[in-house]
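Counted the way the numbering used here counts, the sequence shown spans residues 6 to 156.
Treat the hints as calculated values from the structure; they're not laboratory data.
Values in this document were obtained by computation on a predicted structure and should not be read as measured data.
Careful: at least some of the hints might be erroneous.
PhoX-like, lysine-lysine: derived pairs with alpha carbons at most 25 Å apart [stated by the list, open to error]:
id, residue 1, residue 2
1, Lys24, Lys78
2, Lys47, Lys81
3, Lys25, Lys47
4, Lys24, Lys53
5, Lys109, Lys13
6, Lys106, Lys82
7, Lys53, Lys78
8, Lys111, Lys124
9, Lys13, Lys78
10, Lys48, Lys81
11, Lys13, Lys24
12, Lys124, Lys13
13, Lys48, Lys86
14, Lys109, Lys86
15, Lys78, Lys109
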Amino acid sequence: MQILRNRKELDHLFARMRKKDLQVGLIPTMGSIHEGHLSLVKKSTQNKLFSLATIYINPTQFNDREDYLNYPKEEKKDIEKLSAVNCDALYFPTQEEMYPKGLKSKKTVDEFRNILCDKFRPGHFDGVTTVVESLLRTTHPDHVFFGEKDF
């Protein structure tokens with residue numbers, strides 16, 4: 006599995022992939038990889054896609070800074086788990102790459118205000134949709150795999 010730590014490495018990988026005409030399956034995560042994430046990688050692989058997982062702990066979807074700071078960071082275990090299911094590449098984008106104009110969320114989901122998670126975590130969905138949009142713009146996947154919680 007290829008480990009990518011910045012946009013330059015990601016762009017270099019995509020340049021090689023374009024020559025091979027490979028399609029990308031994106032599996033966005035915040036790390037702390039579990040069976041749900043692994044099932045998404047397997048689904049991508051079964052569909053003959055180049056499986057690209059991402060790990061980015063998104064500060065804008067946390068209301069409590071302590072929750073963000075205490076979010077589990079298990080990079081070595083995450084790499085081992087993803088490698089075990091034949092994930093092709095793992096990208097760790099930087100905060101500057103995800104938020105080039107600074108750490109701000111866009112107001113994106115007015116119809117979900119005060120329901121679901123947003124009822125107890127105002128701005129949560131704005132943070133999620135902002136970072137997903139950034140990942141989509143950065144990785145240009147052909148397919149994206151989200152877990153049930155994200156569905």
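Here is how each hint holds up against the structure:
1. For the hint linking Lys24 to Lys78, the alpha-carbon distance of about 35 Å lies beyond 25 Å, and the restraint is violated.
2. Restraint check: the Cα-Cα separation between Lys47 and Lys81 comes to about 20 Å, which is no more than 25 Å; the hinted pair holds.
3. At most 25 Å may separate the alpha-carbon atoms for a hinted pair to count; Lys25 and Lys47 meet this at roughly 21 Å.
4. As the CA atoms of Lys24 and Lys53 are separated by approximately 17 Å, the hinted pair is consistent with the 25 Å bound.
5. Between Lys109 and Lys13, the direct Cα distance comes to roughly 23 Å. Compliance with the 25 Å bound is thereby established for this hinted pair.
6. Distance restraint check for Lys106 and Lys82: the Cα-Cα separation of roughly 32 Å exceeds the 25 Å cut-off, and the hinted pair is therefore not satisfied.
7. Our distance criterion of 25 Å between C-alpha atoms is broken by Lys53 and Lys78, whose separation comes to about 30 Å.
8. Taken as a hint, the Lys111 and Lys124 pair is honoured in the structure, with Cα atoms around 18 Å apart against an allowance of 25 Å.
9. Taking the CA atoms of Lys13 and Lys78, the gap is near 23 Å; set against the 25 Å cutoff, the hint holds.
10. Taken as a hint, the Lys48 and Lys81 pair is honoured in the structure, with Cα atoms around 23 Å apart against an allowance of 25 Å.
11. Taken as a hint, the Lys13 and Lys24 pair is honoured in the structure, with Cα atoms around 17 Å apart against an allowance of 25 Å.
12. For a cut-off of 25 Å, the pair hint linking Lys124 to Lys13 is broken: about 38 Å separates their Cα positions.
13. A C-alpha spacing of about 15 Å is found between Lys48 and Lys86, which places the hinted pair at or below 25 Å, so the restraint holds.
14. Proposed proximity of Lys109 and Lys86 is contradicted: the alpha carbons are some 32 Å apart, above 25 Å.
15. About 23 Å separates the Cα atoms of Lys78 and Lys109, which keeps this hinted pair within 25 Å; it holds.
Against the hints set out earlier in the document, violations occur for numbers 1, 6, 7, 12 and 14.
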